[in-house]
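In order, the protein sequences belong to chains V and L. Using our numbering, the first residue of the first sequence is number 1, and each one after it goes up by one. Using our numbering, the first residue of the second sequence is number 1, and each one after it goes up by one.
Heads up, a few of these hints could be off.
Identical copies carry no separate label here, and so any pair may be met within one copy or between two of them.
Stated by the list, open to error - Using 35 Å as the maximum straight-line C-alpha spacing, the simulated DSBU-like pairs for lysine-lysine come out as follows:
1. K254 <-> K101
2. K101 <-> K287
3. K234 <-> K287
4. K234 <-> K101
5. K360 <-> K254
No wet-lab data here; the hints were simulated from the structure. Bear in mind the structure is a predicted one, so any value in this text is a computation, not a measurement.
2 protein chains.
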Amino acid sequence: MNLPPWRQIKNRTMTSDKLDQRPSAIREAVQNEYAFATAYFDRLTAISTDPAGGITRDTYGPGEDAAHRIMADIAQECGFDLRVDIAGNTYARWETGPGRKTVVVGSHLDSVPRGGNFDGAAGPLAGLIAMRVLRRLGAEPHVSLCAMGIRAEESVWFQTSYIGSRAALGTLPHDTYDAARRIDTGRTLADHMRASGCDVDALRNGARPLDPAGLAAYIELHIEQAPSLVEDAKPVGICTAIPGNFRYPDARIKGVHGHVGTPRRFRTDAALAAADLAMAMDTLWSKQEAAGNPMAVTFGRFHTDDAYHGLTTVPGLFHFSLDVRAYDAVHLDMVEREFHAIITRIEADRNVSIDLGERKSAPVGKADLAIRTGFATAARDLGIDFMEMGSPASHDAAAFAAAGVPMGMIFVRNENGSHHPNEAMEIDDFLDGSAVLTAYLYDRYCQ
Amino acid sequence: MNLPPWRQIKNRTMTSDKLDQRPSAIREAVQNEYAFATAYFDRLTAISTDPAGGITRDTYGPGEDAAHRIMADIAQECGFDLRVDIAGNTYARWETGPGRKTVVVGSHLDSVPRGGNFDGAAGPLAGLIAMRVLRRLGAEPHVSLCAMGIRAEESVWFQTSYIGSRAALGTLPHDTYDAARRIDTGRTLADHMRASGCDVDALRNGARPLDPAGLAAYIELHIEQAPSLVEDAKPVGICTAIPGNFRYPDARIKGVHGHVGTPRRFRTDAALAAADLAMAMDTLWSKQEAAGNPMAVTFGRFHTDDAYHGLTTVPGLFHFSLDVRAYDAVHLDMVEREFHAIITRIEADRNVSIDLGERKSAPVGKADLAIRTGFATAARDLGIDFMEMGSPASHDAAAFAAAGVPMGMIFVRNENGSHHPNEAMEIDDFLDGSAVLTAYLYDRYCQ
Numbered sequence: 001m002n003l004p005p006w007r008q009i010k011n012r013t014m015t016s017d018k019l020d021q022r023p024s025a026i027r028e029a030v031q032n033e034y035a036f037a038t039a040y041f042d043r044l045t046a047i048s049t050d051p052a053g054g055i056t057r058d059t060y061g062p063g064e065d066a067a068h069r070i071m072a073d074i075a076q077e078c079g080f081d082l083r084v085d086i087a088g089n090t091y092a093r094w095e096t097g098p099g100r101k102t103v104v105v106g107s108h109l110d111s112v113p114r115g116g117n118f119d120g121a122a123g124p125l126a127g128l129i130a131m132r133v134l135r136r137l138g139a140e141p142h143v144s145l146c147a148m149g150i151r152a153e154e155s156v157w158f159q160t161s162y163i164g165s166r167a168a169l170g171t172l173p174h175d176t177y178d179a180a181r182r183i184d185t186g187r188t189l190a191d192h193m194r195a196s197g198c199d200v201d202a203l204r205n206g207a208r209p210l211d212p213a214g215l216a217a218y219i220e221l222h223i224e225q226a227p228s229l230v231e232d233a234k235p236v237g238i239c240t241a242i243p244g245n246f247r248y249p250d251a252r253i254k255g256v257h258g259h260v261g262t263p264r265r266f267r268t269d270a271a272l273a274a275a276d277l278a279m280a281m282d283t284l285w286s287k288q289e290a291a292g293n294p295m296a297v298t299f300g301r302f303h304t305d306d307a308y309h310g311l312t313t314v315p316g317l318f319h320f321s322l323d324v325r326a327y328d329a330v331h332l333d334m335v336e337r338e339f340h341a342i343i344t345r346i347e348a349d350r351n352v353s354i355d356l357g358e359r360k361s362a363p364v365g366k367a368d369l370a371i372r373t374g375f376a377t378a379a380r381d382l383g384i385d386f387m388e389m390g391s392p393a394s395h396d397a398a399a400f401a402a403a404g405v406p407m408g409m410i411f412v413r414n415e416n417g418s419h420h421p422n423e424a425m426e427i428d429d430f431l432d433g434s435a436v437l438t439a440y441l442y443d444r445y446c447q
Numbered sequence: 001m002n003l004p005p006w007r008q009i010k011n012r013t014m015t016s017d018k019l020d021q022r023p024s025a026i027r028e029a030v031q032n033e034y035a036f037a038t039a040y041f042d043r044l045t046a047i048s049t050d051p052a053g054g055i056t057r058d059t060y061g062p063g064e065d066a067a068h069r070i071m072a073d074i075a076q077e078c079g080f081d082l083r084v085d086i087a088g089n090t091y092a093r094w095e096t097g098p099g100r101k102t103v104v105v106g107s108h109l110d111s112v113p114r115g116g117n118f119d120g121a122a123g124p125l126a127g128l129i130a131m132r133v134l135r136r137l138g139a140e141p142h143v144s145l146c147a148m149g150i151r152a153e154e155s156v157w158f159q160t161s162y163i164g165s166r167a168a169l170g171t172l173p174h175d176t177y178d179a180a181r182r183i184d185t186g187r188t189l190a191d192h193m194r195a196s197g198c199d200v201d202a203l204r205n206g207a208r209p210l211d212p213a214g215l216a217a218y219i220e221l222h223i224e225q226a227p228s229l230v231e232d233a234k235p236v237g238i239c240t241a242i243p244g245n246f247r248y249p250d251a252r253i254k255g256v257h258g259h260v261g262t263p264r265r266f267r268t269d270a271a272l273a274a275a276d277l278a279m280a281m282d283t284l285w286s287k288q289e290a291a292g293n294p295m296a297v298t299f300g301r302f303h304t305d306d307a308y309h310g311l312t313t314v315p316g317l318f319h320f321s322l323d324v325r326a327y328d329a330v331h332l333d334m335v336e337r338e339f340h341a342i343i344t345r346i347e348a349d350r351n352v353s354i355d356l357g358e359r360k361s362a363p364v365g366k367a368d369l370a371i372r373t374g375f376a377t378a379a380r381d382l383g384i385d386f387m388e389m390g391s392p393a394s395h396d397a398a399a400f401a402a403a404g405v406p407m408g409m410i411f412v413r414n415e416n417g418s419h420h421p422n423e424a425m426e427i428d429d430f431l432d433g434s435a436v437l438t439a440y441l442y443d444r445y446c447q
């Protein structure tokens with residue numbers, strides 16, 4: 001036992017009279033990974049603490065590269081087979097026999113600027129822990145297992161979703177490599193990938209490091225990016241679906257700059273047009289939620305033009321980004337139609353022109369029902385409280401689902417949201433989520 | 001006659017059978033100032049063309065300083081007495097006798113960044129032309145006359161209204177000199193004024209270069225900063241009042257930054273709170289206009305925080321500036337009370353905190369009824385079409401009115417608004433406005 005005394009005291013009492021020996025052994029073995037888990041997070045903190053606050057592991061940049069080197073080192077220290085694919089994804093593999101399908105347990109290792117340490121990085125660690133525990137307990141999986149550190153999930157950098165996973169699965173449109181540019185450097189995705197050692201030409205020519213047909217399942221553990229689990233006082237969530245989205249990363253409203261004294265009838269105020277748009281979308285959202293259709297609307301960038309704006313100028317130019325997400329493809333399509341009707345109404349009412357720029361989208365990803373059920377059974381057996389929930393955020397799991405791979409996700413309670421430095425996952429909760437994962441892998445693949 | 005042949009052809013036909021000789025002589029003499037006027041504007045263009053487009057004459061900076069030197073040179077070339085006061089304002093004086101009150105005809109010589117050449121600078125020129133014409137026609141004013149180039153009217157630079165005129169009149173709060181900082185340089189008003197040769201200490205100790213008791217009137221000619229005159233096809237407008245305003249140059253809305261997938265019930269989105277505020281003010285404005293209460297609402301800066309905003313982040317911080325203006329003090333006060341009620345409602349509804357920052361304000365300035373009537377009589381005598389109108393914009397004339405000086409303003413038709421490079425005043429229209437001014441000065445002070 002590596003646990004300090006206070007950790008042993010803090011362990012939840014098992015209702016052992018209702019359980020056989022197996023869940024208890026798994027849970028104890030996973031809890032013994034406490035020091036391994038904290039060491040992993042500490043190593044990541046050391047290479048990615050941002051002087052401006054929080055954690056920055058920039059996508060296909062020095063921060064993400066360093067995180068992948070750490071994962072590679074740990075994979076080898078643990079005695080797993082290390083592989084790095086031509087899109088830069090890092091794999092710790094436990095090959096159990098030739099010709100067997102693989103269960104991948106992964107998540108991303110990049111972060112938003114000044115983000116948190118657990119967002120993404122918890123996922124590959126859960127995979128490593130599950131593999132370590134199953135090996136230690138003498139389990140004999142009839143699939144190969146693999147922990148995967150995925151590249152380029154945070155779309156803030158290249159304004160594109162699931163780059164690393166889709167590149168590996170062969171589903172990233174090939175024009176993305178030259179079309180997408182990193183928002184801070186202005187350099188293309190291809191340039192950044194080459195600098196991180198990737199073979200962009202091979203990917204563009206159809207190479208597919210991860211054949212979906214060879215995957216039995218994709219499983220991802222991730223901090224919850226909302227406080228639903230905190231609100232309900234549950235350590236673990238089981239994902240029902242990942243929202244699809246439509247996005248306009250770089251939209252503009254053009255009016256006419258004018259003097260602050262311009263009478264109302266002569267104005268074409270781009271900022272008021274933007275406010276009108278935002279409130280119309282907010283009203284639509286509110287009504288949809290009331291009707292039982294969960295969705296989310298985010299104008300992440302929403303701003304007058306800093307080359308022109310000022311106290312005494314009617315804004316003639318406004319910029320915004322928009323992300324709209326929902327859990328049902330038909331509902332999402334309906335919302336997008338209403339969005340376009342609102343745009344048309346505002347252009348007419350306010351005499352502005354709205355240039356939405358490039359449209360991006362991601363399909364809804366439904367969790368595999370057998371995996372969801374297996375997670376729930378495992379959690380009940382372990383005595384770990386959980387709730388089923390739609391994923392607040394997008395995740396690589398959606399890219400695997402879109403490629404036809406059965407997908408499941410486990411969320412871990414997180415106190416202060418994500419994408420900022422104050423995310424606060426308890427390692428206890430993380431180990432509960434990892435125990436559910438490990439017990440599920442044991443039940444499904446080791447018996 | 002200095003006019004080229006095409007100018008003579010373009011002159012409007014005078015309805016001379018209905019008019020005596022005087023209006024005709026004044027109008028012709030003013031029209032002969034065409035070359036003088038264009039030379040003046042050309043000299044200003046030469047020293048203030050901005051490489052990024054338009055005209056920049058920065059307040060208490062190199063651009064404004066150069067404009068004042070040009071005005072000083074022209075005053076001396078015309079044989080008027082030159083004076084520069086300790087706030088940096090430039091005067092071309094025609095002293096007609098000891099102890100007489102003075103009629104000041106002025107406007108500002110600064111501009112917004114990348115603005116237009118006529119906004120402000122037309123006013124001192126009109127004063128110079130009126131004095132030149134009256135002198136040439138042998139008029140004998142029983143007041144002294146003075147053209148005044150005013151400093152620091154464009155509040156975009158120091159976020160403060162009427163600095164130059166209020167400094168001269170002794171009505172600028174003395175703490176402004178150290179409190180106000182220029183938005184681009186960050187240096188205090190006092191520093192900038194000293195660099196332009198002003199005596200800030202004397203001003204702060206109560207020196208008052210322009211004693212309101214010594215002024216018979218303040219008259220300002222200015223381009224219209226809206227297209228009302230274009231719409232009504234009239235060259236000249238006569239001001240009824242200058243709007244008062246309340247302003248919050250640097251307000252902030254604080255919410256909580258969150259992940260793009262955060263469910264609605266957990267969000268405190270500062271951008272949606274801002275949109276709610278803007279739409280509430282827009283609705284209030286629309287209703288007030290429909291009720292016959294002209295006003296204007298401008299959120300000139302209206303933006304998410306560029307250190308945090310992004311496609312995948314719920315905005316937790318929003319910045320805005322607000323200018324609200326109206327022509328009636330009671331109405332303006334009512335609007336401000338409603339604004340605060342809206343702020344309170346939004347803080348409660350959306351769980352944000354709104355920090356309005358410093359409040360600035362300017363009182364409503366009513367034009368002197370005798371001057372308005374005199375302008376109208378002069379315009380009718382000259383056969384120049386006009387309309388009465390509230391000033392769209394704020395002007396130094398409001399500072400003179402607030403100091404108890406009878407005030408009048410003449411607006412000149414301007415095709416494309418102001419505060420940007422495309423302002424388009426015709427010199428013909430400017431000379432029509434100058435003729436109204438000159439005829440009024442003749443009628444009121446030379447007979």
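Status of each hint after checking the structure:
1. K254 <-> K101: neither (54 Å within a copy, 50 Å between copies)
2. K101 <-> K287: neither (45 Å within a copy, 68 Å between copies)
3. K234 <-> K287: within (29 Å within a copy, 50 Å between copies)
4. K234 <-> K101: Answer is within; shortest intra-copy Cα gap is 33 Å, inter-copy 83 Å.
5. K360 <-> K254: This pair counts as both: shortest intra-copy Cα distance 21 Å, inter-copy 29 Å.
Violated hints for the displayed structure, listed by number in ascending order: 1, 2.
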